[in-house]
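Novice: For the record, the sequence lines run as chains D and H. If you're matching positions, the first sequence starts at 650 in the working numbering and goes up one per residue. If you're matching positions, the second sequence starts at 21 in the working numbering and goes up one per residue.
Treat the hints with care, since some could be wrong.
Claimed, not checked - Simulated restraints on C-beta separations:
| # | chain 1 | residue 1 | chain 2 | residue 2 | range |
| --- | --- | --- | --- | --- | --- |
| 1 | D | 666 | H | 36 | 49 to 57 Å |
| 2 | H | 84 | D | 652 | 23 to 31 Å |
| 3 | D | 679 | H | 77 | 47 to 55 Å |
| 4 | D | 675 | H | 33 | 24 to 32 Å |
| 5 | D | 712 | H | 96 | 34 to 42 Å |
To be verified - Covered stretches of chain D, going by a simulated chain H footprint (3 or more residues, C-beta under 8 Å):
| # | segment |
| --- | --- |
| 6 | 667 to 675 |
| 7 | 683 to 696 |
By construction, these hints were calculated from the structure, which means they are not laboratory data. Virtual Cβ for every residue (Gly too), placed ideally from N, Cα, C.
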Amino acid sequence: DAKTTQPNSMESNEEEPVHLPCNHSTISGTDYIHWYRQLPSQGPEYVIHGLTSNVNNRMASLAIAEDRKSSTLILHRATLRDAAVYYCSRLNAGGTSYGKLTFGQGTILTVHP
Amino acid sequence: GAGVSQTPSNKVTEKGKYVELRCDPISGHTALYWYRQSLGQGPEFLIYFQGTGAADDSGLPNDRFFAVRPEGSVSTLKIQRTERGDSAVYLCASSPVGASRQFFGPGTRLTVL
Numbered sequence: 650d651a652k653t654t655q656p657n658s659m660e661s662n663e664e665e666p667v668h669l670p671c672n673h674s675t676i677s678g679t680d681y682i683h684w685y686r687q688l689p690s691q692g693p694e695y696v697i698h699g700l701t702s703n704v705n706n707r708m709a710s711l712a713i714a715e716d717r718k719s720s721t722l723i724l725h726r727a728t729l730r731d732a733a734v735y736y737c738s739r740l741n742a743g744g745t746s747y748g749k750l751t752f753g754q755g756t757i758l759t760v761h762p
Numbered sequence: 021g022a023g024v025s026q027t028p029s030n031k032v033t034e035k036g037k038y039v040e041l042r043c044d045p046i047s048g049h050t051a052l053y054w055y056r057q058s059l060g061q062g063p064e065f066l067i068y069f070q071g072t073g074a075a076d077d078s079g080l081p082n083d084r085f086f087a088v089r090p091e092g093s094v095s096t097l098k099i100q101r102t103e104r105g106d107s108a109v110y111l112c113a114s115s116p117v118g119a120s121r122q123f124f125g126p127g128t129r130l131t132v133l
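With the sequences and hints as input, model every part of the structure.
Specialist: Structural data, given as structure tokens:
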């Protein structure tokens with residue numbers, strides 16, 4: 650099963666941009682890239698997703714490499730509330746595992762005031 | 021509106037016992053997913069329902085695990101003859117259709133003594 654790999658942890662200062670990388674070198678052509686984040690004792694929360702083009706929403710931006718082997722989640726101005734575990738995942742949009750999310754190990758983001 | 025709810029929030033049981041974990045998805049969501057999350061790990065896929073039927077149960081670890089969704093709404097994950105290795109947080113998610121963003125519940129923390 651193809652996996653995603655992420656750094657174990659990253660740190661940022663409040664009000665600064667944060668770039669969270671993810672490697673998914675074996676991603677298939679029908680897999681979407683999804684990002685979720687998780688606070689302690691809560692379920693994951695959807696952040697953003699994309700297939701080939703860069704995506705923006707009110708929470709973040711997602712930059713996808715042209716070869717789709719990596720992507721970067723961008724938080725433009727980190728706040729203390731952005732401190733969480735960020736998961737890069739693949740969503741299977743074809744075949745028998747349609748709809749299945751495969752999560753990476755996650756990056757623990759610490760935001761300093 | 022109401023999100024995905026899961027009951028109980030915590031379940032402590034003894035090795036060998038039977039447990040049932042319940043998930044109430046968001047009303048109208050046809051797709052329902054179960055994941056399992058061990059400490060320090062990302063969620064791992066267990067099973068996916070589209071309506072009443074299990075579209076993909078490839079993530080169930082063995083035949084002690086079973087899940088149902090008889091009316092296409094509420095789902096129950098059933099674990100027979102629990103083992104200490106079954107201890108984890110069991111997460112449920114739903115989505116309006118398959119292969120779209122998923123809405124997660126808070127999870128049920130299962131502890132097998």
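Novice: Falls inside 47 to 55 Å, the C-beta gap from residue 679/D to residue 77/H?
Specialist: 21 Å, violated
Novice: Examine the segment 667 to 675 of chain D: at least three residues should have C-beta closer than 8 Å to a C-beta of chain H.
Specialist: Violated - the segment 667 to 675 of chain D has 0 residues with a Cβ nearer than 8 Å to chain H, which falls short of three.
Novice: Given the range 34 to 42 Å, decide if the beta-carbon distance of residue 712/D to residue 96/H lies inside it.
Specialist: At 41 Å between Cβs, range holds.
Novice: Do residue 675/D and residue 33/H keep their Cβ atoms within the hinted range of 24 to 32 Å?
Specialist: 38 Å, violated
Novice: When you take the CB atoms of residue 666/D and residue 36/H, is the distance between them in 49 to 57 Å?
Specialist: 52 Å Cβ-Cβ, so the 49 to 57 Å window holds.
Novice: Quick check: the segment 683 to 696 of chain D, covered by chain H? Criterion 3+ residues, Cβ under 8 Å.
Specialist: As far as the segment 683 to 696 of chain D goes, the hint holds, because 8 residues have Cβ atoms under 8 Å from chain H.
Novice: Looking only at beta-carbon atoms, does the pair residue 84/H, residue 652/D fall within the given range of 23 to 31 Å?
Specialist: 26 Å, holds
When the structure is compared with the earlier hints, violations turn up for hints 3, 4 and 6 and for no others.
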